[in-house]
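Chemist: Every position in the sequence shown, counted from 1, becomes a number in the numbering used here once 5 is added.
Rather than coming from a laboratory, the hints here were simulated on the basis of the structure. The beta carbon of each residue, even a glycine, is placed where N, CA and C say it ideally should be. Since no wrong hints were added, every one of them can be taken at face value.
Within a straight-line C-alpha distance of at most 16 Å, the following computed EDC-like cross-link-like pairs (lysine to aspartate or glutamate) qualify:
no.	residue 1	residue 2
1	Lys217	Glu321
2	Lys266	Glu192
3	Lys56	Glu86
4	Lys56	Asp32
5	Lys7	Glu366
6	Lys8	Glu36
7	Lys7	Glu86
8	Lys205	Glu241
9	Lys8	Asp32
10	Lys45	Asp260
11	Lys357	Glu33
12	Lys7	Glu371
13	Lys361	Asp32
14	Lys361	Asp180
15	Lys56	Asp34
16	Lys56	Glu28
17	Lys361	Glu28
18	Lys139	Glu160
19	Lys8	Glu28
20	Lys29	Glu366
21	Lys357	Glu182
22	Lys8	Glu371
23	Lys266	Glu182
24	Lys8	Glu86
25	Lys266	Glu193
26	Lys110	Glu371
27	Lys7	Asp34
28	Lys361	Glu33
29	Lys7	Asp89
30	Lys349	Asp180
31	Lys49	Glu28
32	Lys340	Glu193
Pairwise CB distance ranges (calculated):
no.	residue 1	residue 2	range
33	Ala369	Gly54	23 to 31 Å
34	Gln245	Leu370	52 to 60 Å
35	Met140	Lys8	22 to 30 Å
36	Pro336	Ala369	43 to 51 Å
37	Lys259	Pro129	35 to 43 Å
38	Ala169	His326	41 to 49 Å
39	Arg330	Lys170	40 to 48 Å
40	Gly250	Ile318	24 to 32 Å
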Amino acid sequence: MKKAVMLINDTTYAFNLRGAVIEKLIDEDFEVVIVGQLLKYQDKLKAMGAKLIGVETGRHGTNPISDLQLMQTYRKILKAEKPDVVLTYNIKPNVYGGMACQQLKIPYLPNVTGLGTPVENPGPLQALTTRLYKMGVAGASCIFFQNSENQRFFEAHKMMPKHAKIRLLPGSGVDLESHPAFPYPEEETVHFQFTSRILKEKGIDLYLAAAKRIHAEYPNTVFHICGGCDDSAYEEILKQAQEAGDVVYHGQQKDMIPFLKQASCIVHPSYYPEGMSNVLLEGAASARPIIATDRAGCRETVEDGVTGFLIPIQDEEALVHALERFMQITPEQRKAMGLAGRVKMEREFDRKIVVKAYLEEIQALEGNDE
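Using the sequences provided together with the hints, build the complete structure.
Modeler: Here it is, written out as structure tokens:
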């Protein structure tokens, strides 16, 4: 039996965003081994037929000793598992998993799921990270990107191996069966939905400020927030905003379907270096209009004025204006925006597109070995 090892941050990410790839590989008679932090959905991944190996990547850490240990851990696992192909996702698995694959001469396919703050902001950390990333992907025959801006960054910084094939994916794609087009809500209350890890770069401050202003002008609005606080300081900020009546904070939610059904509009004023925003993919697939920032990882999901509105990054006034525009259009226009977004997802972002691309590249690797 052929074997594929997936190096990834954690099992939650693996199940939610890579489950379709895992399932298809198992259907194609691959043994699939997932290497990452053991968080949620372990039982579901095992039930699919995957083997799990727990590894803490230290995703936010910058300790070179820990990173070297991570590479050695990957090397040890890969040497024992002897895979036919390795699929790497996220920054540290791409970098240190890629290096381990090169040392062991194992074919691998990295997926650039976003550059991360250290790469996006110029300075010594960017220089170091880009150099490491270049080393990590140096042996790849094909590199997957989730948006063209990340691809251009790699090209501009000469991080791309000359021999590598480039494939641009529609992010992780969206499971159109798990996220069907829900009927548009008919109630007069307008529900805005913000879903994200609670981080400044995800636009939470902008959302809170805009919610306060819009709710004062339009009392028939409710501004919902779902997501865990990466920065504990926001726990008190959100508590105060809720007590003031500006927002309703629901905390971390396992099941977002009730919130998507209820939502009139998905709001995502993020300026975080996204690969492709899954919040927006799932929102649009559910036939909900979108208000999002005009930046890589967000803009690709929106047709401005047709499926929602695009706004400049870190611009509170622009966000308020977009929310006002939404309030001023008719319920039928809002519904039409959502349905247009669903059509866009079906045409451009179906997760089956991603699965097909992976199978094609794995088959190409098998052909090279013959």
